[in-house]
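Chains G, F, Y and V, in that order, give the protein sequences. Numbering of the first sequence is given in the working numbering, commencing with residue 1 and proceeding in unit increments. Numbering of the second sequence is given in the working numbering, commencing with residue 1001 and proceeding in unit increments. Numbering of the third sequence is given in the working numbering, commencing with residue 2001 and proceeding in unit increments. Numbering of the fourth sequence is given in the working numbering, commencing with residue 3001 and proceeding in unit increments.
I should point out that these hints are in silico values taken from the structure, not numbers from a laboratory. Values in this document were obtained by computation on a predicted structure and should not be read as measured data. Just so you know, even glycine gets a beta-carbon here, dropped at the ideal spot from N, CA and C. Worth double-checking, as some hints may not be accurate.
[Said to hold, decoys possible] The list that follows gives simulated cross-link-like pairs (lysine to aspartate or glutamate, DMTMM-like), each with its CA atoms no further than 20 Å apart:
#1 K151(G) <-> D3149(V)
#2 K2005(Y) <-> D1206(F)
#3 K3033(V) <-> E2154(Y)
#4 K1329(F) <-> E1176(F)
#5 K3030(V) <-> D1020(F)
#6 K1145(F) <-> E2010(Y)
#7 K227(G) <-> D44(G)
#8 K3065(V) <-> D1020(F)
#9 K3061(V) <-> E249(G)
#10 K3130(V) <-> D259(G)
#11 K3103(V) <-> E3144(V)
#12 K2005(Y) <-> D1020(F)
#13 K1288(F) <-> D44(G)
#14 K2121(Y) <-> E1176(F)
#15 K3125(V) <-> E249(G)
#16 K1288(F) <-> D98(G)
#17 K3109(V) <-> D244(G)
#18 K3061(V) <-> E1036(F)
#19 K222(G) <-> E232(G)
#20 K151(G) <-> E3131(V)
#21 K3157(V) <-> E3111(V)
#22 K1145(F) <-> D2017(Y)
#23 K1245(F) <-> D1409(F)
#24 K3065(V) <-> E156(G)
#25 K1118(F) <-> D2017(Y)
[Claimed, not checked] Negatives, chain F to chain G, calculated, CB over 10 Å:
#26 D1020
#27 A1060
#28 G1121
#29 G1143
#30 R1243
#31 A1254
#32 D1340
#33 Y1412
[Claimed, not checked] Which residues of chain V face chain G? A few of them, derived with a C-beta cut under 8 Å, are:
#34 Y3083
#35 V3088
#36 F3118
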Amino acid sequence: MARGVAVVGYSQSCHQQDMQMTREDMIFEVAKGALRNAGISREDVGTVITASTDFLDARTISNLYTSMAVGAYLKDESKVEEDGAFAVYYALMRILSDVHDIALVEAHTQGSVVNPHLVSSYTVDPLFERQYGFLNDISAAALQARVYMNKYGVSEEQVARVAVKNLVNAADNPNAHRKMPDLTVEEVLNSKLYYDPIRELTMSPVSDGACAVVLACEEKAKEITDKPVWIEGVGSCQDAYIRDRSLYELDSLQKAAQDAYEMAGVSDPFAQIDVFEVSEKFAHEELMIYEALGLCREGKGKALVEKGMTGKDGEIPVNPSGGALGADPVCATGLIRVIETAKQIRGEANGYQIPAYRALAHGQFGICAQKNIVFILRGE
Amino acid sequence: MRNVAIIGCGQTKHSGRRRDVNLAEMVGDAVWNALEDAQVSPLEVDAFAVGNMQGFGGVAQPEQWLGDWIGASGKPVLRITTGGSTGGSVAHGAFYAVASGLYDIAVATAWEKHSDSKEPGATTGLGHVGLGNMLNLVNCGVGFKHLLSMFVVGAAAGVACYQAMYYMHRSGCRVEHLDMVAAKDRRNAAKNKYAHLQWPGCTPEDIAKTEWIAYPFRYGHICPASDGASAMVLAREDIAKKRCKKPAWVKGLAAYSDEENQIMSEGAGGIGILDASQQIGATMSAIKAYKMAGINDPQKEIDLAEIYQPFPSQELLFAERLGLFDEGKAWQALEKGEMDINGRIPCDLSGGVNATNAIGSSALQRILECALQIMGKAEEHQVPKEVHNAVAHGWGGATNYITVTVLGDSPY
Amino acid sequence: MPYVKEQRKETMSVEADWDVGGSTTWKHSTLLQEYAYGLKVKKIIGSLCPGCGKVIVPPRNICGRCHRKMDERVVVSDIGSVTCFVISAPVIKGKTRVMGMDPVEMGLVTEGERVISVYVKFDGADSNIDTELIGVNPEEVHVGMRVKAVWAKEPQGKLSDLEAVEPLKD
Amino acid sequence: MSSQSEIVLTRAPVPLVFGFQWSVGEMMEKFIKTLADKKILGAKCPQCGYVYVPPRRRCGKCYAKVGEENLTELSGKGTLLSYTTAYVELDGVGNFRELDKPKAIGAIKLEGADSTIFMPLGEVKPGDLKEGMKVEVAWREKTEGELDDIEYFRPVKG
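Using the sequences and the accompanying hints, generate a full structural model.
Structure (structure tokens):
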């Protein structure tokens, strides 16, 4: 990259089913929090990129009435209408192009306003799938899970183990929405069945939540903090529409990860990356994510979980924060992953700290993770 | 910063009802026109920036369905939307993708298909913008008479009506000048094969015959709701020079936000703006974009402008905010013909948003039309002079999101 | 209309609905309610920002210019000036419909009356509120007119308690 | 966290439903109209051979133009790639309704086509669903050239 860019400040809300807060107050809290965490003020910020969608916020032009709350008055502002990780990606481009030096990135969704699963049913082909009316993110994920589990002989217990790992991890994360310290595999397998094999506890919860980060170019980052978290690599990719792509693999994540590794000079992610924060909207997807990230061969994701290698004290810890199963305020989920990796690298993840120098953050958006983005971050 | 240029422009015919195609085909046509214009194969495109106002067409994240139609599968796609200025923000997104060095060739595309909603024109989306606020007003017992006074104005254009009155009060501009602008733009649109309301030989008197909506706006002043898509190919310097005879270089860009300009904020609270035509965000964006482009005196250095003017008053007041005419004097420049094709700074030779408004595509079209003029490809409405610098403007939200883009015929 | 028209093939269409009302629960602060209660006792409440000193009516709890919270409240005068006005076309029975209802039939407006909508900046406020100007002919309306609030006879703590403004007779 | 101003929940007092009518374009119109003759059309890309269901004008794999001359008639039989049993249903306002009788949904690859289509499954007990099963389309009694002409897919007997 022409110019170093680092995360220099972050803040996130306590994600819950219903935060009992207006959108404006929730956004103001995290935006102000990120500026305070970075130790800078609004004057220092050049550009503000927010992430929210019109359907999820129940307001066409969802950033129209919140520009003042996020602190974008008379700033170069834009809005990315998908996961907050893509807002970091856009802010990164704005800094790399030397037009801006410091960016404030904010993302939020209130699941208590409109059910995100209903909105997901509006993203399918309006001329065909939508006319039959049963395809939404959960039913599509169920079809994905069935193909993947049959092809590689993955059992429901192994998928449930992922849910147990993440929801127990979430118990130590003060910002997580769903904390289940004593969860067992049996309890997961008995939770409510939506679309077989997707159950209440193997899919992410509907959460309210917001978060924000401050990005700075190399010179500014060194002035602002002695613990900058450098963005070494980024890669993003969108797969074909669900009718014309394979359901047993995350091809776009493979491509995105490849680009990010290449940029960061990572040849062996298993050895070179100390902690992973991935957006697993469904437990079985975390296994597919391991494979797409090249942590194991095709179909061997189940072995990593079985041997506890992705546990908090395993060789390749994944989602010590609890991941998307722990809290899923849709547009904020990917940005939370970036924050959680920054927390680990800066040694500020008390309660679930993992010694980490280099980390990977992953965001996704769309039915069956059609669209993915990967960041490689490292400490000073 | 790497120099970035526009090397290909593509549009579809914008019209009230494009029922001959579905949304995916319409956007696909725009992107393919742009790729052919740029002589770039879809395989060479590294990244996409896309946008539309999804509430108007009823499909959420439509680019995930129609990505295959525009060659975006297996590629990075960034969805950017900021209300009416979406097209401009999408073009900025594609610019930053290339200027950052991450990608070499990027496609920006934006669209809207209003005829896909059952409600007339753009009422679905426009209604949904302030629906939460309206319901809060109703819950707090707003009087029906008050709603009437809001709707009678709102039906015309909400803030734009008051904004026009502010501008007319402080500048001396009269309703006849709004008729002149609307007539000029519909005449211009007649020479733009992609435009929607094409009225050859339209005169201000023709516009003056149309019924009042609410003083100062008549039906003849108001922009249509169009179905249409537009697309652009941007490339880094060496590729642009190889592939295109006369690329349009993006020399400056800015999109500074202002406070909501529409008398209400979140939950129908108040706002701290007294004069809706002041537009500090537009002033700030112009300053920053010109500084970046190395333009010191826009009145002399800018050769033509494409201004986002769904309402004729906005062509005048934003032309002043872009520093093209003295404060409060744009209407006099209009009278002297300075905004015509042979004038000092021709404005909206494409007919602009007053003649064609597919909300997502509109602000992208402004940049695209400037690029066509620089590349000499504007056919019937090509300006008969060398275009060195052109400025494209877009506004969105409650005229609080402004995109200003300065294009030039040389990167330095 | 002498616009250029062109014919295009019309292919069939498929339909779906979006039940916005049924599927959405918006969240707002109680500030507007607080403002409405003030109107019951003829008080127009605004928020005062300790950062930039702006008084915003109706009140807000965040000042975007200073990017800070503001909890201070002030009462502004019920006398102010017209900063902008818009005059509607004559309201015609059966033609002008608002939220599906006909204002003439409801006796709110006489046939052919022209509604005058104004922005009023009450003395002491730094923002306009939009309301209706009554008691004057459209021709006499001008920017800067001094106006006074018209209060409802039986105020109920609703926004409708501030009915309109009328010219200030000195 | 500073003091939160109390919030008021706001619901629409009257029904508020926006309607949409998406124009389908020529290729999709032909697909829908041909359902009346109990036929399913696909489009074979002249350049790379990928067969799309429903048919379309631009190939997503090699970007070649696909015309009406490339329309192919598919047999209506296919293999079941994946299946799920739905125990809930999403109603129009975002709540999950319990289904009194679970419904089966399948991802089906039609013979001669490359796209996967997603259809309800009928005349089969959820327990009997197996990947790779041969299925066929169950047409509506009176097909009228509408998408509802396809009622569901059922296992091929014998």
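Evaluation of the provided hints:
{"no.": "1", "hint": "K151(G) <-> D3149(V)", "in the structure": "violated, 33 Å"}
{"no.": "2", "hint": "K2005(Y) <-> D1206(F)", "in the structure": "holds, 18 Å"}
{"no.": "3", "hint": "K3033(V) <-> E2154(Y)", "in the structure": "violated, 63 Å"}
{"no.": "4", "hint": "K1329(F) <-> E1176(F)", "in the structure": "holds, 15 Å"}
{"no.": "5", "hint": "K3030(V) <-> D1020(F)", "in the structure": "holds, 13 Å"}
{"no.": "6", "hint": "K1145(F) <-> E2010(Y)", "in the structure": "violated, 42 Å"}
{"no.": "7", "hint": "K227(G) <-> D44(G)", "in the structure": "holds, 18 Å"}
{"no.": "8", "hint": "K3065(V) <-> D1020(F)", "in the structure": "holds, 17 Å"}
{"no.": "9", "hint": "K3061(V) <-> E249(G)", "in the structure": "holds, 18 Å"}
{"no.": "10", "hint": "K3130(V) <-> D259(G)", "in the structure": "violated, 38 Å"}
{"no.": "11", "hint": "K3103(V) <-> E3144(V)", "in the structure": "violated, 25 Å"}
{"no.": "12", "hint": "K2005(Y) <-> D1020(F)", "in the structure": "holds, 15 Å"}
{"no.": "13", "hint": "K1288(F) <-> D44(G)", "in the structure": "holds, 16 Å"}
{"no.": "14", "hint": "K2121(Y) <-> E1176(F)", "in the structure": "violated, 29 Å"}
{"no.": "15", "hint": "K3125(V) <-> E249(G)", "in the structure": "violated, 28 Å"}
{"no.": "16", "hint": "K1288(F) <-> D98(G)", "in the structure": "holds, 14 Å"}
{"no.": "17", "hint": "K3109(V) <-> D244(G)", "in the structure": "holds, 10 Å"}
{"no.": "18", "hint": "K3061(V) <-> E1036(F)", "in the structure": "holds, 18 Å"}
{"no.": "19", "hint": "K222(G) <-> E232(G)", "in the structure": "holds, 16 Å"}
{"no.": "20", "hint": "K151(G) <-> E3131(V)", "in the structure": "holds, 10 Å"}
{"no.": "21", "hint": "K3157(V) <-> E3111(V)", "in the structure": "holds, 17 Å"}
{"no.": "22", "hint": "K1145(F) <-> D2017(Y)", "in the structure": "violated, 31 Å"}
{"no.": "23", "hint": "K1245(F) <-> D1409(F)", "in the structure": "holds, 11 Å"}
{"no.": "24", "hint": "K3065(V) <-> E156(G)", "in the structure": "violated, 44 Å"}
{"no.": "25", "hint": "K1118(F) <-> D2017(Y)", "in the structure": "holds, 10 Å"}
{"no.": "26", "hint": "D1020", "in the structure": "holds, 14 Å"}
{"no.": "27", "hint": "A1060", "in the structure": "violated, 4 Å"}
{"no.": "28", "hint": "G1121", "in the structure": "holds, 14 Å"}
{"no.": "29", "hint": "G1143", "in the structure": "holds, 23 Å"}
{"no.": "30", "hint": "R1243", "in the structure": "holds, 21 Å"}
{"no.": "31", "hint": "A1254", "in the structure": "violated, 6 Å"}
{"no.": "32", "hint": "D1340", "in the structure": "holds, 33 Å"}
{"no.": "33", "hint": "Y1412", "in the structure": "holds, 16 Å"}
{"no.": "34", "hint": "Y3083", "in the structure": "holds, 6 Å"}
{"no.": "35", "hint": "V3088", "in the structure": "holds, 5 Å"}
{"no.": "36", "hint": "F3118", "in the structure": "holds, 6 Å"}
The structure is inconsistent with the numbered hints 1, 3, 6, 10, 11, 14, 15, 22, 24, 27 and 31, although it conforms to all the rest.
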